[in-house]
Each structure stands twice: as C-alpha cells, then as structure tokens.
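Once you've looked at the hints, dock chains P, X and Z against the given chain U.
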Amino acid sequence: MIDKSVASAQAAVADIQDGASIMIGGFGTAGMPDELIEALIARGLRDLTVISNNAGNGETGVAALMREKRVRKIICSFPRQADSHHFDALYHAGEIELELVPQGNLAARIQAAGAGLGAIFTPTGFGTQLAEGKETRNIDGRDYVLEYPIHADFALIKAQQGDRWGNLIYRKTARNFGPIMAMAAKTAIAQVAEIVPLGALDPEAVVTPGIFVQRVVPIMPASALAA
Amino acid sequence: MIDKSVASAQAAVADIQDGASIMIGGFGTAGMPDELIEALIARGLRDLTVISNNAGNGETGVAALMREKRVRKIICSFPRQADSHHFDALYHAGEIELELVPQGNLAARIQAAGAGLGAIFTPTGFGTQLAEGKETRNIDGRDYVLEYPIHADFALIKAQQGDRWGNLIYRKTARNFGPIMAMAAKTAIAQVAEIVPLGALDPEAVVTPGIFVQRVVPIMPASALAA
Amino acid sequence: MERLDRKAMAARVARDIPEGAYVNLGIGLPTMVANYLPADKDIFLQSENGVLGMGPAPAPGLEDPELINAGKQPVTLLDGGCFFHHADSFAMMRGGHLDICVLGAFQVSATGDIANWHTGAPGAIPAVGGAMDLAIGAKQIFVMMELLTKSGESKLVERCTYPLTGIGCISRVYTDLGTFSVGPQGAGIIDLVPGFSIEEARRSTGLALDAAQLAA
Amino acid sequence: MERLDRKAMAARVARDIPEGAYVNLGIGLPTMVANYLPADKDIFLQSENGVLGMGPAPAPGLEDPELINAGKQPVTLLDGGCFFHHADSFAMMRGGHLDICVLGAFQVSATGDIANWHTGAPGAIPAVGGAMDLAIGAKQIFVMMELLTKSGESKLVERCTYPLTGIGCISRVYTDLGTFSVGPQGAGIIDLVPGFSIEEARRSTGLALDAAQLAA
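As given, the protein sequences belong to chains U, P, X and Z, one line each in that order.
Residue 13 is where the first sequence starts when you use this note's numbering, and the numbers rise one by one after that.
Residue 13 is where the second sequence starts when you use this note's numbering, and the numbers rise one by one after that.
Residue 34 is where the third sequence starts when you use this note's numbering, and the numbers rise one by one after that.
Residue 34 is where the fourth sequence starts when you use this note's numbering, and the numbers rise one by one after that.
Next comes chain U alone, as it looks inside the complex:
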C-alpha cells in the first residue's frame, strides 16, 4: 500500500540539504505553506536557492528564511514590498543573489520544467532590462525572448485536501503556484488542511494528480484549532 502522508512538517522536510533549490508556493496570504517553512527553518540549512513569487513579508514564511540568512539566491518576481525589510537588508548588503523574473515568465518557466520542455519563446519582457543578454527571435511578426525551465529539488506547497496517493485540491486563490511547482520539483511536499480517504476526491476535480506529489502533511488550519 502506498501512503504518501507524513505525520509532521518536521519529518516531511527532514532530508532537505544545504544548497538545495526549493520552490515555495503562495501569493500574498494565500497558499503560503507556513508550517513547512517553519520546519525548514528549524533544519538550520544554508545556501538555499528559493523560487517563490515574493521575497517574504513581515516576519513569517519566506521572510523568516531571509532573516535567518538561509538563502543564497532567490528567483522571484516581486521582492520589494512595504514589509520586505529582511530581504531588503540582505540585498543592500550584497548578501543575496536576486534573479528577477516577470511573474508570468516565472509561471511559464516552472511549467516548462514540469512538462519537460527545453526552452520557450515568450513575448513577455522583450525589449526590457529583464531580457538583456537573452536570445530573442521574431516569429510571425512578434518578438520573443528565449527563457529556460526552472527546476527544483523540492517544492513546498499548500493545498486544501489530499489523499494517500498524493492527489490534491486547493482552495480559492491559494491554488496559485501549487500545481505547477509540484510538477517542477523532484520532491513535492504538500501541506493540506485535511487528508481524505482514497476516492473521496472527485476524479474530475482533482487539480494535482498524485504522480506529482511525493509527501502530504496534514496541518490543521489555525482557525480550525481555535474553533
């Protein structure tokens, strides 16, 4: 019997090593795998490469990884925010490498990795600073930039329900990067609000088929704990 469920966030991230590349889902408050990130921080790792839309807000999640100086490089679309002070400090001190990628190209490059494509010609960013030095081509009258897939060793994502085969459904805009990051990482770890029996998820409504998910960790939402 295959059971991908893992009892704790700590156990789920136990084999991540120094220097690993890690995709972290989430957009704003929605879909951030906070408990997995906390467990990752507790590992005390160094020199991580993080792929995520933002570089952290406030004190939790990716921002905490920044504060603890665990990240050597971040690939993201929007690092600067009102409360991204931990990233800001590292950046100004030259202690972190930033690869800035337009958000849609970030999504497309992650998807290309999951889909086994070698590269894609995308129109986004053509003629801008973010395409400087990159190969470009005019195809049927439109200009495109050649962009390469982004793979990762691990993906940490948040979903709503999962089963022991790793099938996932998400909740509202918390879906965001989860499905494509699960496809692009060698090991995808999903924290879910609930693990349901096999067959409980509608096979027409499964968003991430279990083949893309290696570990599922039940993390009851704080709101449910408080209730």
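It should be emphasised that the hints constitute simulated quantities derived from the structure, not laboratory data.
C-beta atoms are modelled at their ideal positions from N, C-alpha and C, and glycine is treated no differently.
Hints may contain errors.
[Claimed, not checked] The following residues of chain Z were derived to be distant from chain P, with all beta-carbon distances above 10 Å:
id, residue
1, Leu37
2, Lys40
3, Glu52
4, Ala67
5, Tyr69
6, Leu111
7, His118
8, Met126
9, Gly163
10, Gly170
11, Gln173
12, Val190
13, Gly199
14, Pro217
15, Ile223
[Said to hold, decoys possible] Straight-line Cα separation of at most 27 Å, DSS-like style, residue types lysine-lysine; simulated pairs:
id, chain 1, residue 1, chain 2, residue 2
16, P, Lys85, Z, Lys40
17, Z, Lys40, Z, Lys74
18, P, Lys198, X, Lys183
19, Z, Lys172, Z, Lys74
20, U, Lys85, U, Lys146
21, P, Lys198, P, Lys85
22, P, Lys198, X, Lys172
23, X, Lys105, U, Lys85
24, X, Lys74, X, Lys172
25, Z, Lys74, U, Lys198
26, Z, Lys183, Z, Lys74
27, P, Lys198, P, Lys81
28, X, Lys172, X, Lys40
29, P, Lys146, U, Lys146
30, U, Lys198, Z, Lys172
Chains P, X and Z in isolation, oriented as in the chain U frame:
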C-alpha cells in the same frame, strides 16, 4: 446579460467559411463533437484545415468530413486506423495534405498557441523523420526540436456541462483535447450535454474558464433521448 | 480647467468597457475602475493570481485570506466565476484572451511604450511582478495616470526615460486632463477636460498631438 | 527451448514493476502486463489520453464509451484515480514523471534506439500517435517483443533499419527468449529461457551480448 448559449449546432457553426482552420476534439469515441461536425458538413464548405488527433473512423465525425472531401489539410498524430478508409483513399489519391505530429507535440503546440508562446523546444521526435528539416538544439545535455504553436479559427469540442458564461466541465476521458483546443482557437464552440445555471458549476472544478469559450450548444446525448 | 479627480478618471475608463469584456485591472488606481462598472452588465474581472469573475469587496468581517486579488486585497467571487493556477492565468493573459488591461504608469510614449515597473533609481530594489505580462496581456492595453508629475512634467512623452515595461503595447491613455490615443501613428487627443485646450495639451506634453479624433 | 508465450512475457515484465510505480503500458502486447500486476500492491497505470489510476476492464455491459484507454478499449477508474487533459497528460510523460513505459517495437538497437511507428514501406500511411512521446516518456522505457521475426531475423539489432521512434531511450528488452539490457554500453543478457544458450542468443542476434549481468 452575456449568454453564450446557442440554440442549435447549425446556428453555432453558421459563420465558418471555406478555408477555415478547425480544431476538432475527441480521442476515439470519447469527446468527439459529432453533432457539431454534422452541422459543419451540412454547411458544404471546402478547403478546410482540420487539426485533430485522428483522421476519422468509419462513417461519422471527421471521417464524414473526409468522405465529403471538405478537408484540404489535416494536422494529426494518428490518421491510419483499421477503418480510416475515407482518409486512406484521399491520401493515396494525393487529394489531402497530411502534417503528422507526435501526439504530445500536437498537445504541446496547441497549448503553446493558447498560451501565447512563440515556439517551444521539445524532446519528442528528436532524431526521427518527423523532425527532419526542423531546428534542433542541445540544452543541458539533452536534444530538443523547435516546434511552433498551432492556432485555429475555430474549435469544435464536446463537454459535459456548461453555463451561459461558457464555463465547462468534461466527463472522464472525453476531456482529452477540449481544454487546450478551446484556448487555441479564435472561436471555441462547445457542445454540452447540459447547460446549467450560473453558479451551479463548482468554481474549484471548472476545467475550462468561460473566457476561452465563445459558444455553448446543448446537445442531449442520444442515450438520454432514448431513455 | 476641470481636472478629473481619481474617481472621475475611474468612471471615465469604465465608460469605455463594453458588456462582455474580460478585463484585468492593475494594482492601485486602475482597481478603482471596478467601482464604476455598470452593475447590470456582465463584465468579467480577472486577477492574475488565479481568479476570473471577481465580485466587489466583501463586507467587513467576511474577508477570506484565500480569496484575494493581485493587490492582495480581499475580493469576492460571482456566481459563474472560477479559479485556476498561475500558468493558466498567465496563459490567459499572454495568449491574448483578455480584452482589456488597465494599468498605471510612470510614463507612456507616443508610440505606446510603457514604463511602470522601476524608477531606475540607484539602490532601488527592482520588483516587476506581473507588470510586463500585463503590458502585453490583452487585446487592448489602457493606461490610467495623471498627465503631469507634481513638478509639472508630462508623463506622456516622446520616448520613455524610465526602464521600459513593454514596447508599443499601449493603445490609450486616460488622464486627469484628457484621453489620448498612442501607437504607431503617434499620439492623438480623444478628449480633453473643459478648459484644457489642444494648444495647452501640446505645450504640456511637448508632443505634436493629432486632434483629428477629437469630437467637435 | 522453453519459449515464453505472450502471457508468460507479460508476467515476466510485471515482475519487474515495483509497488508505487507510475506506469504507462503501450497499446497491444504491453497492455497485457496489467493482468499480471499484483492486486494487493498500489501500482499506478496511466493512459496518455488523460487518466491515471486505471483499473481492470469493466464487466460486460458496464463499458463507458467515455472511459477508455489509449488503445480505445473500455477501462475503469480506481478510487484515487483522476482525469486530466492531453497537455497535462503528455507533460506527465515528457517531464519524466512516469517511472516505466512498456512499449512494443519492430526493432531495438544495442544502444537503446527504438523503431516502432512505421515500417517505412512505400505507400504506407504514416501514423505516430503517442509513440515518440512514450519512447522518451518515463524514467525507464522497457520494450516487450518477440526476439525474432517470423522469418528468424533478430529484432534486437546493432542499428535499426526501420525509421526511428526515439534515440538511446530504451533500457531493457523483454522477449520470448530472454531479457536484455541495452544502452550506451551496448546490449547485455539479463536472463535467457531454459534451453536458449548465450551462444545461441549471440548467434541469433548477431550481437556480442555481454553476459556479466546473467545470474549464474
């Protein structure tokens, strides 16, 4: 009020013209929009370009389009079948142009069109006859072929339920090419077994958001009519 | 002259959005356009974080932290709305399926270039988000901005001096002093607020604004 | 010699598929492997037309024309199975997410090239389907075929003479006369049926088959 529902298959295909490029969904018996194809045949058009996985079986669907000599060119992955005699005859008579595309590249090229990519490097087909004359590139030690998006004027697809905004859900393996063809065509026409009120489809389970669908035609399945 | 305030600008843009349009409203000023769309017409609001068919802001206390727009503000979902992942969302945009994007900008050039992501100031941390995707992300891309900076310089320019977000992608610029077309033919005047003349518009922008489209 | 029949070949392949594997079984002979997978283990069958977690064939009368495999045969769905569209399905394959594909073939070369889509005969209508995608569509690609043609020619060859489906992608070949490894190091023998000697295998194939992996 926006209502994309159309009363009949005939009305839904009324503006397709000679020479149009038309994607047709379906894989085997699953997802073939038979009634839309019948309505298309009744239009008496010529010189169509058809993009579909197969070149027709027996006497219905794409095979009937072949029999009536409506198709100038077909882009497909698997034209030859035990009962593809209408295509076979046209092919041997030199009366139809065939662009043979590996099935996954067909899917990827259709998806690339819907996603606005200019081209993709795919590993499938490298070193084979189907990549002859195509640009290739070794990326990170693996060989890839450059493939271009496939766009179309129209897509004819079959789904299970739709609403007046064009949202669609599918049924089992009838989903196949429907979602990506809807994205790649200027005008996507979906026949559905049922049109449901707005809000009746679970927003987490909608497979094709209405933005990709221009017309929805209710076609009650023959099995339901017989019952 | 009767300069439009931000609400009036939003109402002006809303007037040009037809029923049935699929629309992405950028963060900031453009988000206000939603408040002026006719409630009795089906206009489909998309947000690039993965939602189509957004409704108005939720009542206080009913916010859901997992139902937000690209500006990370709580929103609602209309009946008929749906969710999707980031790759599908940006495919929607990049693939030209949206009809209209409305963006803010630092500068727009007469030929439709836009600069809205980075001031280029030394030491500034760059952050692009979806700006470059949005700039090419619809059949028509509108900009909504004040025509002049606080120090009186035109933001509608011959050539952008800030780092570009996209090239030749903007078709229309809605400002507090009037509405302008931009593109391959150069900049033209669509309307001007009462009391702001063609000559003043040309002098303020330093552009040879075509006035042929201006309704008499 | 104890030549394996098709059922025995299918059982032999099934023995090498571990629990937890994600597997695509090609049309024809490979489909039979499903009948020999252990019922008490979770092995995940994918079909490229958009289904993961396929169960056995339905009972007569319970066929659903919208629930079929890539061979267009009716199948069932296990609890925990799911459906997806063609682009996601082939992403699953091309992206290396499947563990094992089992394919039929006309020829396999010592270095792992495969020819299984086209005889190259003049006038033959070419049809490729998913063959080229499957050939590179998993971490390991197995071929299952009879070792010799009816006229006695080896289908395991130095170099394929039929048009190629994929290059250097096959790692193992299961035949009625034995199991062979192929790849950059050339072809080797994993096992041979009783009564078929190493020498006979070398003579039949014309290949200098390495026998180091052959269990004593």
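Would you list, in rising numerical order, the hints stated earlier that this structure does not obey? Hints 7, 8, 9, 10, 13, 16, 18, 26 not satisfied by this model.
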